[in-house]
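Student: Please work from the sequences and hints to get the whole structure.
Line by line, the protein sequences are chains A and B.
When you line the first sequence up against the working numbering, it's residues 1 to 412, in that order.
When you line the second sequence up against the working numbering, it's residues 1001 to 1293, in that order.
Errors might be hidden in some of the hints.
[Claimed, not checked] Simulated pairs of lysine-lysine, BS3-like, Cα-Cα distance not exceeding 27 angstroms:
(1) A/Lys162 - A/Lys366
(2) A/Lys220 - A/Lys243
(3) A/Lys243 - A/Lys177
(4) B/Lys1128 - A/Lys243
(5) B/Lys1128 - A/Lys176
No lab work stands behind these hints, which were simulated from the structure alone.
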Amino acid sequence: MIKQIVLATALTAFSISMAFAQDLRMTVWTGSDAHLGMLNDIAEEFESTHPGVTVNFETIPFSDYVRGLTLQLAGGNPPDLGWLLESSAPIFVDAGVLLDVSDKLRNDAAYNFSDLSQSAMTLWQSSDAIYGIPFSTSPYLTYYNASMFSSAGIATPNQMVKEGSWTWEALRIAAKKLSDPANGVYGFQSPDGLGYDSRIMHTLIPIVRSYGGEAWVNGKCGFDSPEAIQAITLYHQMIFDDKSTVPPGEQANFFTGGAAMTINQISRVSNLDEANFEWGLAPLPSGPSGESPTIGQAAIVAFARGQNTELAAEFLKYMTDTKNSATMAQFFPTARKSVLEGDAFLNSNSAFSAEQMQIVAAAISKGGVLPSHPAYPQIEAAMRPRFDALWQADAVIPSVMASVCRAIQPLL
Amino acid sequence: MPIISLRCRESITGWLFVSPTLAGFLIFFFGPLIAVFGYSATEWNLLTQETSFVGFENYTDALTENQDFWLVFRNSLVFAAGLVPLNMVMALSLAMALSRPFAGQVLFRTIFFAPVITAAVAWAIVWKFLLQGETGTVNQMLAIVGIDGPNWLREPNWAMVAVIVTRVLKTVGLNMILYIAALQSIPRDYTEAALLEGASRWQIFGRIIWPLLTPTTLVIMIVTVVGSLKVFDHIYLMTGGGPENGTMVLAFFIYEQGFEFFNVGYASALAVIMFFLIVALTGLQLRLNGGLQ
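Tutor: See the structure below:
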């Protein structure tokens, strides 16, 4: 009799615990072991203070991320939380699919909402509502193969920074000297080698802004401005005249020694774990308009259609508090001012020296986020075929940029 | 107890046997087909889930206002017009060469059929490497004979050629097998009798073999035309519809509208247009075949 009572009680307790067990599913686009290990560590700490809660991270490849996420939302299988790029922010905020977490964040003094940079929050706020917290406000920087520079006897980008001579023209000259296209080695590679496809903006905007141009301003296309044309002409010449940049269709990669320089964010440093060359990190080159750091931003958002909105908001708050922001800053520079200004940030990533992390912090403080727009997918689709005409040796650049603006102006 | 006739019982038995397949057809094919017709009359945003009835507006927009549609339509016809004859000629040629026994016959059949079962992603990745402008194997081989090859996948004039040829190489093996089976079903007496009568090999092919291959040719042509109009993965992986939308075909355009712009209603209208295009072309082929016979 006693055994039966004990068994019944145990079964009842198990059933009740199962009924109260809650799973949180969060979509991310990273498959890096280092990134996922860090995220899982944060999740385990959250789970230890929330019995019955399990947090799972689901990787959707970057190139399919928005598509895959949208299908999950539309298909009745929404995640609870997810990463979201700055280019998708206006679309998702306007669509009303993001959870307003303002009450959860503003009413908790320990969270210290005012510590978040307000300029970094621009895309993620609408009136008083808060739809996401940037976990990565990461500037684009210049990675360079120090071994190649040393072998060629050329001043490195950081040496040129100290001399005040680190410009896009200087990058062009260095790239040309370091190129050996016959042997598949180039002086410069666009971000992730996707500068002719999905990362056109990430490739051109840093140069265009340093020349005083912009993609669009106040609803007017800026790609056909004299400044933008001058900047894009320099890049075009690097590809087709100097033959110093990995050309369209080629697969040479900086991280495997196929290019002397590239521009990318610090999250890519894990690609250098097995590099057989010395490498360095420098700011983006300056242009006629001076320095113009460019920032790529991503936020953690909770979805209004998720199964556990209250818990999701709680986890979002936990992930972006001061402690975990500092933890994630080793790969994803935070928008928290206290973290960026502290010594812990400078020493947060063993792959970078404190001096290199200072470059990161300086770029964040001065940089501008990549362009975004509520009709960004349509703008990108309209731009891409017009930009294809740019990647030909005989392209007439003013004419091509005019066609780009004709295509996207109605959408702006 | 009512008496059920034998005929009725057999009919019920027959329907029971086909019911699983019929249920699958209705649920997974016919149902979605009807649903697409319905969606095509709506403006439905996949992200916001907002839906409104717009009647034929999506169709008029595609056919009269969207200039990209006619470019895409033309690209689809060009792709089909390039792929189908090349595929069928190659398939028949290979079948003729490999239908008679010789040492290595099985090896060669395997070599030409292997691309059919190769994963599309692997096929595309390998060919993207081979077709690189500067360091690609194809251009390096052309350079040996003094030819400066183009940047195959990045030049508007050559990208369509490249995707057609690589698609043909991937799919010709299947049509080759179908032709081999058809050739082997032709009684050898016919060709032997013709040889004894003094007919040349071309006459034997034109007067005996080709007419007897007509049913197989019709099937292959219909399947290949339909497949070429529906191509998506190959374009997505090789060129992404570029350069300058030069390889943007209908299926990819539909995907872009539905899953990148979230306009499910408009994408459904495009899908309906493609459906009727395929039906029309299939009907035309059947009519032509009826006329030839």
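Student: Indicate, hint by hint, whether the structure satisfies it.
Tutor: Evaluated hints:
no., hint, in the structure
1, A/Lys162 - A/Lys366, "18 angstroms, holds"
2, A/Lys220 - A/Lys243, "33 angstroms, violated"
3, A/Lys243 - A/Lys177, "11 angstroms, holds"
4, B/Lys1128 - A/Lys243, "20 angstroms, holds"
5, B/Lys1128 - A/Lys176, "26 angstroms, holds"
Going through the hint list in order, the structure does not satisfy hint 2, though it satisfies all others.
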